[in-house]
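**Student:** Keeping their order, the protein sequence lines are chains A and B. Going by my numbering, the residue at position 108 of the first sequence is 108; the numbering climbs one at a time, nothing skipped. Going by my numbering, the residue at position 14 of the second sequence is 14; the numbering climbs one at a time, nothing skipped.
If you're looking for bench data, these hints aren't it; they were derived computationally from the structure. Idealized CB from N, CA, C, for every residue including glycine. There are no misleading hints in this set.
Sample of chain B residues facing chain A (criterion: CB under 8 Å; computed from the structure): (1) E42; (2) G43; (3) L44; (4) L46; (5) K49; (6) F89; (7) G102; (8) L103; (9) G106; (10) K107; (11) G108.
Here are the computed lysine-lysine pairs in the DSS-like style, where the Cα-Cα straight-line distance is at most 25 Å: (12) K56(B) x K68(B); (13) K107(B) x K68(B); (14) K60(B) x K26(A); (15) K49(B) x K77(B); (16) K26(A) x K49(B); (17) K52(B) x K68(B).
Here's a subset of chain A near chain B, in silico, CB distances under 7 Å, partners left out: (18) Q41; (19) G42; (20) P43; (21) F45; (22) Q48; (23) Q56; (24) G58; (25) L90; (26) F107; (27) G108; (28) P109; (29) G110.
Read off the chains here:
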Amino acid sequence: DAGVTQSPTHLIKTRGQQVTLRCSPKSGHDTVSWYQQALGQGPQFIFQYYEEEERQRGNFPDRFSGHQFPNYSSELNVNALLLGDSALYLCASSLAAAGYRTDTQYFGPGTRLTVL
Amino acid sequence: GDSVTQMEGPVTLSEEACLTINCTYTATGYPSLFWYVQYPGEGLQLLLKATKADDKGSNKGFEATYRKETTSFHLEKGSVQVSDSAVYFCALSPRIRGGADGLTFGKGTHLIIQP
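Please model the complete structure; the sequences and the hints are all you need to start from.
**Tutor:** Below you can see the structure in the form of structure tokens.
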């Protein structure tokens, strides 16, 4: 049973560029959440997608956007990159129970983004 | 808003010592509580969880009890091993019927176990 997968593993960009990160959820999961983890810090929630719609967003600017596809995979896009966007980006998947909160989130290995 | 506070690290212990990592939280309602572990160069792995007051989560010798009266979820292990060296994160998830549940994490506690 494949777990959560993310691509690419590492990425180097320059300020002002745009980046797209990809995530495939654990088999059977339908909800994808994205987190940013700066060096030495805990992960910060960016947003969550369910049924191809963003249903919750953390305190991140509009430069951060996402998408969820019919097969439940997801992309995270960041525009106009800043040096401060350098971080480990983590994707987590879970299963939404009808009419109630989602279940435990399982994390992928992350994508390390470096902005020069 | 919701928040999680963990004891600062690094925490350095000798092998077979007892471990306690403190975690307290602030949240509306009755959140679910989690401990995640992150090994060097890897993503987060779920260690244990508890979904209601007085629940005890346990896994791999680690335990944590959901204490609503003290808003705490301290991580404990009776005898640590070198392989337990990692960063440990306490996190909470709001229990919102039909709603989303982005996790709120603490800053993490770096645990170092010496042989």
